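Asks: When you get a sec, could you build the whole thing from the sequences and use the hints?
Heads up: the protein sequence lines correspond to chains D and H, in order. When we follow this note's numbering, the leftmost residue of the first sequence carries the number 1, and every step to the right adds one. When we follow this note's numbering, the leftmost residue of the second sequence carries the number 1001, and every step to the right adds one.
What the hints contain is simulated information worked out from the structure, not anything from laboratory work. Owing to the predicted nature of the structure, the values given are computational and were not obtained by experimental measurement. Glycine residues also receive a C-beta, built at the ideal position from the N, C-alpha and C atoms. One thing to keep in mind: the hints can contain errors.
[What the hints assert, rightly or not] Keeping only pairs whose Cα atoms sit at most 16 angstroms apart, straight-line, the calculated EDC-like set for lysine to aspartate or glutamate is:
1) Lys1077(H) with Asp1651(H)
2) Lys1314(H) with Glu1139(H)
3) Lys1608(H) with Glu1453(H)
4) Lys56(D) with Asp1200(H)
5) Lys1029(H) with Asp173(D)
6) Lys1387(H) with Glu1569(H)
7) Lys1416(H) with Glu1464(H)
8) Lys1513(H) with Asp1400(H)
9) Lys95(D) with Asp79(D)
10) Lys1608(H) with Asp1460(H)
11) Lys1416(H) with Glu1453(H)
12) Lys95(D) with Asp1302(H)
13) Lys1323(H) with Asp92(D)
14) Lys1124(H) with Glu1150(H)
15) Lys1387(H) with Asp52(D)
16) Lys1125(H) with Glu1139(H)
17) Lys1283(H) with Asp79(D)
18) Lys1314(H) with Asp1134(H)
19) Lys1608(H) with Glu1452(H)
20) Lys1283(H) with Asp92(D)
21) Lys1608(H) with Asp1458(H)
22) Lys56(D) with Glu1199(H)
23) Lys1299(H) with Asp1136(H)
24) Lys1299(H) with Asp173(D)
25) Lys1191(H) with Glu1208(H)
26) Lys1471(H) with Asp1411(H)
27) Lys1124(H) with Asp1140(H)
[Claimed, not checked] Computed beta-carbon distance windows for the label pairs:
28) Gly1360(H) with Ala304(D): 33 to 43 angstroms
29) Ile6(D) with Thr1268(H): 31 to 41 angstroms
30) Asp79(D) with Ala1465(H): 24 to 34 angstroms
31) Lys1271(H) with Ala304(D): 30 to 40 angstroms
32) Phe148(D) with Gly1390(H): 36 to 46 angstroms
33) Ile6(D) with Asn1517(H): 50 to 60 angstroms
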Amino acid sequence: MLAYIIRRLMILPLVLFGLLVVVFQMYNLLDPYQKLAVFVPDVSRLKNVDPDVLIKEYGLDKPWWYQFAKWFRNVLRGDLGWSQTAHRSVADAFKRFLPQTVELTLWASIPIILGGIWLGQLSAVKQNSMVDQFARVFAVTGWSLPMFVAGILGLFLFYGLLHWFPPGRLSTDVGLYVFTSGKFRVYTGIITLDAILNWNWWVFADAMRHLILPVMTLAYVSWALLLRVTRSSMLETLRQEYIMTARAKGLPERVVIKRHARKNALIPVATIAGLTIAGLMGGLVITETIFNLPGIGRWAANAARQFDMPALLAYLLFSGVLIVVANLIVDILYAIIDPRVRLE
Amino acid sequence: MHKTMWRKVGWLLTAVALLGWVAWAQEIKNPDTIVEATIGSAETCDPAYAYDTASGEILFNTYETLVFWPYGIADAKGIDLTGMSLDPADLQPQLATEWTVSEDGLTYTFTIREGVRFHYVGVKKEDGTIEWVDYDSLEDESAIVPGYGELTPEDVEYSIERAMLQDRTGGPIWMLLEPLTGYSSLLDLVKAALGKDVEDLTTLTPEEQAEIYNKYIDPAVEVEGNTVVFHLAQSYPPFITILAGSWASVLDKEWTIAQGDWDGKPDTWAKWWNPGGGEVPEKSPLFNKVNGTGPFKLKRWDIGVEIDFDRFEKYWRGPAKVKHVVVKKLDEWSDRLLLLKNGDADIVYVPAQYLPQVEGLPGVVVHDPIDVPQVLLRAMFFVAPVKVEGNEFIGEGPWDGYGIPPDLFADVNVRKAFCLAFDYDAFIEQVLLGKGYKIHGPIPKAFSWAYEEDPALDWDYDPEAAAELLKKARNGELWEKGFNLTILYNEGNDVRRIAAEILKANLEAMNPKFRVNIQAVPWKTYLSYLVTGKMPLFIIGWIADYPDPNNFAVPFVASYGTFAGFQGEYMIENIFKPYFDPIVAAAMATTDKEIRGNLYKLIARLAKDWAVDIWLPQRYPYRVMRDWVRGWPINPIYPSPYFYPMYKAYD
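Replies: Quick look at the structure:
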């Protein structure tokens, strides 16, 4: 098992290096003047300046491998550059935006996994019933609804009309209390967790009030996949002989489903769930933008819009690491859950 | 009886519901806090570095300058413009109590206000070291170490000198350097003074640094008793208006040094020159630290997310009316709209095209238009000649009707025809929703003393006249062969897109051989085409740094100006240099307002004769706020809301 993990970990840097080379090649398609524009914040910077001098100064006329080596050397030193969209160093931007993304992902993973599995199981157990049809239609509607449509509709309904769940991270008065009063200690930047650590339920409730809508939007658009995988896996399991044996032994249906069928049916679901959560973490672009949550996704969206190259390269590095690590964890979990994988 | 009872209950319930609704509608959310929802992210808190509107908002409310622009009020109760002015003669004292200007306009003397304290003051600890403490929480005034957090003339001198010596590339300090030293950058000054080609000032020896400082910087700003004297190197009539800008904010010298900034010595300054090459603001020690004398203290700057201010309780003019100000950065329009609608934001940034969505919303007040001409301009610039090499916008090989001849706009007939082919009224209707006005030339209408109200100077849409001129152009060849012109705009900029579409429709209707392609490109790509001179026509805008016509004449029509400099060799050598540069210089050589006004009027006339640009009509400003917002100052030169007089009430 250990050798398996080490082998997988050794591949990781190679995969990331390959990814970065590909991304840098895309950037290299720009001509030196376009590259210069990428680094120049605004037109005033160009006043009385010869662009050719600046191109030489930045080394933008040098071969791609030279530019890549220069950038990569800085990355190894921990200097990921300056993000024009975040108005901070890339490293600082990660430090600032990551807690929000982690918080949203963690809270969203609860309804996504539990809801998806529950719906899938329900559909399988009550196959072809009204419940099955309804659950599938409900989930597929979410799957086919673009995230920005679901988000904006939710926002207009639950905040615009009902005043229940506002956008943003905290209400104005709570925000001032948390960040400027000096009475609240920010330990992790994950507000709900910090509120628990401060034993402050007022802040916790407000943070949750702001999280419910993005979390439910994410859950709604993610349920379909888990539902379908759980349902088909469950149906397959329910047709196995050992299930028939369990039933023949006279075990109650509840026990058959919970003890015997569900456990085995969840093996493929674990893979999908793990990758769904990892995918969420790297791709909360739309949710964070619509609900004005200052996370990695919103930053990446701004960076892409404004061609903020250092931020984009760092974001790709981050998502790459995330997906590769998530794959690794899923594989390891898979090996733990299913001994057959280990033996192979 | 039964029916009557139910009716009574019904009426009672209705009354309760109505009262409840009225109470809800009347309830002011966060009454002690002004909440602004806007776009744009501040770049820095360093006054010498900042050159963007969002940073200006922080500086404008936390720091102060020697003089200040007087304002009117445009709040939910109404509009009162009586106090507002852009005339330098109306500038109000702020950290200066009074000032005099010498006859020749080269010496400005300011008396510095006494008894003013900064947000943080220095007190001596038991071990002899200085600790910076919040002045609001300090009980024993005598604990302050003299000069540490107390405003002195030396603070003013240090602040201006530090700014001039920092002079980051692309920053605002050219405005101080030009009048005080005669050079627009420190690099140019050093090159001229030392007579050697130097690109990196950090390589200067201590002796060279001392020479520059002692000869050029120190004599420019001097302390004499309780006054600060500015010695100008050349006549610069708008100098005092420059001193009202955030770049001239007054810092506490001792506190700034304690943050690791320039120590005030003549031979050490180069270390702090151009921090981060002008592109990495965090390299400045004051990047995220503020200690001003202004009405608000910066409590938290969560970059790109939120800015929180607390009022300065011991502010020298008395505390602000609200305790807190929160500025939320919200890029999504739907979020800003909903926050405003629900009363969670008091003032929001509303792009003009979304105004219909907020008009008529309960609890929301919209003032549109407000009769205040703006100090900004937008134009379509002609480039002649465009760069030929690798230019995809001019067609392949010699001009054959596909693409354009590189020197298309060198012909004044073509430029005039394009000015006549633009439908200004359509632009006012479609883009400015009928709330705009035409302009002529590079001087905004806001400078009434330098702007000629003569409709004959305006361009009018006249397709017949335009066609006549185009028939004459290039000896009839242009009309015969036609052209295929590409106009670019930066993605998402609907104003520029519609302007281009108006021109396209009118030109193509004139002659089927005239074709105009409109392409959206990312801003960075747009910028790269601008730099390389590939775009035959570019659209860009300019907001005033200081309210003086010179701040518009230079970028638009001086050969060395920001935009005119991108208009190609022909335009620079044959039009800007011979016709405009001498007038721009003459207008700066005198302090006589009448003479200056006439010279700027002449520039507008010449701009029409030479048809240097298509001047896009300008919109009147507007404001959107909750109905409880009171005391919102207005002056077109303000970079953002000035929160000091603002409060929330139904009075």
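Asks: Would you mind marking each hint as holding or not holding in the structure?
Replies: Hint-by-hint comparison with the structure:
{"no.": "1", "hint": "Lys1077(H) with Asp1651(H)", "result": "holds, 9 angstroms"}
{"no.": "2", "hint": "Lys1314(H) with Glu1139(H)", "result": "holds, 11 angstroms"}
{"no.": "3", "hint": "Lys1608(H) with Glu1453(H)", "result": "holds, 14 angstroms"}
{"no.": "4", "hint": "Lys56(D) with Asp1200(H)", "result": "holds, 15 angstroms"}
{"no.": "5", "hint": "Lys1029(H) with Asp173(D)", "result": "holds, 10 angstroms"}
{"no.": "6", "hint": "Lys1387(H) with Glu1569(H)", "result": "holds, 10 angstroms"}
{"no.": "7", "hint": "Lys1416(H) with Glu1464(H)", "result": "holds, 12 angstroms"}
{"no.": "8", "hint": "Lys1513(H) with Asp1400(H)", "result": "holds, 11 angstroms"}
{"no.": "9", "hint": "Lys95(D) with Asp79(D)", "result": "holds, 14 angstroms"}
{"no.": "10", "hint": "Lys1608(H) with Asp1460(H)", "result": "holds, 12 angstroms"}
{"no.": "11", "hint": "Lys1416(H) with Glu1453(H)", "result": "violated, 21 angstroms"}
{"no.": "12", "hint": "Lys95(D) with Asp1302(H)", "result": "holds, 12 angstroms"}
{"no.": "13", "hint": "Lys1323(H) with Asp92(D)", "result": "violated, 30 angstroms"}
{"no.": "14", "hint": "Lys1124(H) with Glu1150(H)", "result": "holds, 14 angstroms"}
{"no.": "15", "hint": "Lys1387(H) with Asp52(D)", "result": "holds, 14 angstroms"}
{"no.": "16", "hint": "Lys1125(H) with Glu1139(H)", "result": "holds, 15 angstroms"}
{"no.": "17", "hint": "Lys1283(H) with Asp79(D)", "result": "holds, 14 angstroms"}
{"no.": "18", "hint": "Lys1314(H) with Asp1134(H)", "result": "holds, 10 angstroms"}
{"no.": "19", "hint": "Lys1608(H) with Glu1452(H)", "result": "holds, 13 angstroms"}
{"no.": "20", "hint": "Lys1283(H) with Asp92(D)", "result": "holds, 14 angstroms"}
{"no.": "21", "hint": "Lys1608(H) with Asp1458(H)", "result": "holds, 8 angstroms"}
{"no.": "22", "hint": "Lys56(D) with Glu1199(H)", "result": "holds, 13 angstroms"}
{"no.": "23", "hint": "Lys1299(H) with Asp1136(H)", "result": "holds, 13 angstroms"}
{"no.": "24", "hint": "Lys1299(H) with Asp173(D)", "result": "holds, 14 angstroms"}
{"no.": "25", "hint": "Lys1191(H) with Glu1208(H)", "result": "holds, 11 angstroms"}
{"no.": "26", "hint": "Lys1471(H) with Asp1411(H)", "result": "holds, 12 angstroms"}
{"no.": "27", "hint": "Lys1124(H) with Asp1140(H)", "result": "holds, 12 angstroms"}
{"no.": "28", "hint": "Gly1360(H) with Ala304(D): 33 to 43 angstroms", "result": "holds, 36 angstroms"}
{"no.": "29", "hint": "Ile6(D) with Thr1268(H): 31 to 41 angstroms", "result": "violated, 54 angstroms"}
{"no.": "30", "hint": "Asp79(D) with Ala1465(H): 24 to 34 angstroms", "result": "violated, 60 angstroms"}
{"no.": "31", "hint": "Lys1271(H) with Ala304(D): 30 to 40 angstroms", "result": "holds, 37 angstroms"}
{"no.": "32", "hint": "Phe148(D) with Gly1390(H): 36 to 46 angstroms", "result": "holds, 38 angstroms"}
{"no.": "33", "hint": "Ile6(D) with Asn1517(H): 50 to 60 angstroms", "result": "holds, 57 angstroms"}
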